[in-house]
Amino acid sequence: MNSHENRERMDKLTETFLYNLGYEHVNNICEELDFATEDVEDVEVPQRLHLWFKDFVQKREIEANKKQRRKKIQQVAKRAAIIILIIFISTTALTLSVEALRIKFFNMIIETREKFSNINFSEDAYINGAQDLPDNWEGYYPTKIPEGYSVTSYIDEGDMKIIIYNSGEEELFFQQGPIDSNYQLDTENTQPSEEAIGDYEGVLVEKEGYSYAVWHNNDKSFYLEGVVDIIVLQEIAESIEKK
Amino acid sequence: MLTFLLVIENEQLRNKLEEIYDTYHVVMYATAYHILKDHHGAEDMVQNAILKLSNNLDKIKDIHCKKTKSYLVIIIRNLSYDAYNKRKKSKEIALDEIPNLDRDDSVDLEEHVLQLEKSKEMAKLLNALYPPYADILTLRYYYELTIREIAEILDITENNVSVRIHRALSSLKEILEERGAFYE
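Protein chains in written order, with my numbering: chain A, 1 to 243; chain B, 1 to 184.
Since the hints were derived computationally from the structure, they do not count as laboratory data.
Where is the CB? At the ideal position from N, CA and C, for every residue including glycine.
Reference excerpt, derived from the structure (chain A facing chain B, CB under 8 Å, subset only):
hint, residue
1, N20
2, N27
3, V40
4, V45
All chains, please: the whole structure from these sequences, using the hints.
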């Protein structure tokens, strides 16, 4: 056995010896206390000490609760910051054109209506968009989404809710927000179409393979986007219901 | 969910501390009083010990056992000795001025480590010589506390801890060498 191995062996044996020494010391202490039980019990502990301890425990608990509250606030603030960032990025991506159309729902004026041909799709082509949403979802959702799409993620932050559907190749993005939300659509080199979506007014845009819809009802405003035909998008928009 | 778990954890820690106090406050107070012979001093020591413990409750697994009982006695005993020495204004060697000993195994006990059966007697002798020596070796090698943890709980510097361990081992070696000849 070389000297390094021997050194290692002796170190381990020494530690074991000292561990055992400590173990025996602990036993010795307890034996001494057992012998001195009467002396120990004769000592009168002042009431002051008990009062101090009670006060100490209470203060410690208050401090611990404060720390927890601070931690919770930080967590909520972080989540809120992420949500705001997502909204900011998605809104910015749509606001690049000089001719971008800003829509405020209470001031919207419909000037012209284009006629869309009615294209009826068979019911088999759609599935319910509520599948995979949580049971406690309390917002709007499309009751008709094209077959092959399913929910991949959703965000629920009070008034603002987002559902993202994915077919494996393409995404369908649905957002609801307060009635006075601002949405901006890129309408450069394309003609927005002001249409009725259900019983309400909306705007439809088709550009470079994407279709967009912005509309409202008496409760909320909505945004829908996807790589689908504009007629299909309108059907999806008209199908929304509240869970 | 996280808040709920944190609340539970806080309540468990509070209950643990309360149980430790209820079980051992008399022993702790008596130990401190035995050294300091002063009720106010003994109170201060118990409060100090509870403060230290409250930051290290995870070290205590089973409250009602010899290991925990001795742990508390060792802490309060050492705190009390230090307080007693300060009060006496006894001239302690300026331990902080002694070069830091990184290796506390610089004392070679090689010849004696196989005498495990002598441990109980050695522990008594070491304790009789200077209780804090037996205490500090126990904290380091039996309770397996780090130098930093020992320094924090005994309210001394890490260098001080290293020096005490070194001196404890040196004293132990002397005892082993004297007694080793006797036992042989």
